[in-house]
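Participant: Just remember that this note's numbering sits 77 ahead of the position in the sequence shown, which is counted from 1.
Just so you know, the hints here were simulated from the structure itself, not pulled from any lab data.
Glycine is no exception: its CB is placed at the ideal position from the N, C-alpha and C atoms.
Heads up, none of these hints are tricks.
The calculated label-pair distances, taken between Cβ atoms and stated as ranges, are:
| id | residue 1 | residue 2 | range |
| --- | --- | --- | --- |
| 1 | 183 | 325 | 19 to 27 angstroms |
| 2 | 607 | 716 | 52 to 60 angstroms |
| 3 | 691 | 446 | 35 to 43 angstroms |
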Amino acid sequence: MCCGEDAVLGLPAPVLEALAGYRRMRDAHGWGWGEAALPDLFRWARFSLLGPAFDAAAATGDWPAAVRAALGDGDPPAGIAVVTVGPGGGLTVHTGPPRPGPAGTSLPVDVVVLSDVEGDRTVTVAGTAMALPAGGAGLAVVDVDPAAPAVPVTCGPARADVVAVREVPAARLRVSAPVCARWSVTDATGGGWGPPGLPAKWDATHRPYWHAREAEFDVPAGPLEVVVARGLEYRRTTLTVAPGSGETAEVTWEPRRRFDPAAAGWYGGDLHVHLNYSGDAVLEPADAARMQAGEGLHLVQLVAGNLGGALVYDRELLETTAGTELWSGDRVGVPGLEYRNDLLGHVHALGLAGVPDVLHSGHEGTGVPWDWPPNAAACAAMRERGGLATYAHPVYSALTDVGQLYAPARTVEARELVADAALGLVDAVEVVSCFDDRGAVVLWHRLLDCGLRPAAVAGTDVFLSFAHGPGVASNPPGWGRVYAHLGSEPLTAAAFRSAVAAGRTVVTNGPWPTLDVDGAGPGAVLDRSPGDRLAVRATVTGGGVDRLVLHGAGGAVLAETGGGELEVQVPVQAGTWLAAAAYGGEDEHTLGAPVFAHTGPVFVDVGGRRVAVPASARWCLAALDALEALVTAEGRFDPASRDEQLGTLADVVERARAVYREVADR
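With the hints as constraints, model all of the structure from the sequences given.
Facilitator: See the structure below:
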């Protein structure tokens, strides 16, 4: 089963003590680990219909109605039981097909409790009480042995037994591959099966998965579907077996590549991964190494970060290993930090050699409750310690209007990015992330138009300790990734950092694009004269792509094709930049987002002058106006120092304005 854990060195004592503390927290408080600031959405993360419910809630804002809409009017899916509290407190149970399992196994059942009565109620599911408001909805996830399938539910004197599993004979399944891979084994009802000892995980499509090179374990006798994958670079394979009672079925997988960027010096990384972040399991770095190996991912950055309270998860890992590689060779792991301010934006930094003094800000109930200092200070602190300051998940919307980025709420979007980039404090932007990639492109392109050169990177923001969602949070690491061109250099964290700093990157959640401009690739700077012509060739490999586009400065689409290759001559008139992007719909290799990939740009200077698009500068100036208005109205500042703290942030904005005004006036 081992695949990657052997690469992990022994853990320092502070890390072992922190992990033991996490286990005590989980055992004492359950799934939320006692995290007082846990967002309400996270409390439903184990709900197998979270995705549809979340979509419905986004449209109406009514969570109980969204849960009912996700359940629909028919039978619920296998593994879900709906208990309705009716008039007089009576209980009605509605279940779908029972999940099969051998005696002694543990099958999770989602018990959704709905209120159809006025007044609050207390409902107890398998001995655990939940407060149910009038018209509300609650969730209990109960692990059930098929040999004792009844789950008791009570509300006052009313009692009902939920039976959503059934006992069947046992069989065995043996799987193997020459490399570590991602396996998904499901029975006829969609229930997941895997070896004991590995954390149970479900991706954004609600497919269960785990990582191993080989494993053997109990399964129910009968038909099983086995899906094997290994990140973006390998073809996904689906197989079926049907072991009888007492029989052992065997599945052997031989990986087949879709593409091989490393053969040309391109290595893939995920710069935004949380190891422990509350949730179902307490994980060790070896678990991350195994998942990384199973995804064929070259580099992973495990970021420490708080969730909203004072506790900074995996802080001890960062403090004891900053500036080192957690493991090395054909895969590299590094520690990192996500500096979180939910009003101004989140920042992380590849290559940190030390730990900043301030790790987060703006969270009530902590020692740093104010939205101060500005994120500019956090970026500067990370860069002083060798890190590449990178804004995470920058945009939640498609950003059709600049005002969408500055709604009066703490949305964790990159509100201060436009200011900090102008001041030269930002090295990279997550163009592929857990939020809206196409909105991120709009913002990033505007910065490029103003002569700024932040690199495109990817960070998935996955929570490895979560079994389920929300959204893509429980996806495997590397479902989106940044490729950095190391050329002939061996894979190291330092080489990867240098390539990102030079802009030699490609970001993708599925396909593999390439770009060649007069023989130069992403990150290159060409000096040309008016009237020159640039020979451009772009390609894309991979499924689900509808359009291959050549982007240029000022929102220009210089060429477009529905095929996998385009060649065009681009005339030079003034400074510009060129980049290729692939857009599509769904593909089995892309988990939870529309198909998307984007190369880093090739920059074209004319007479030594960078690109300058006045319209984009004016857009950025409007963004700065909105930022200043937002922090003035919504910012949390120390009442005794409000004018001073707000003035510090206003100074950052004003200095950034000077940069964009210079571009706007050209």
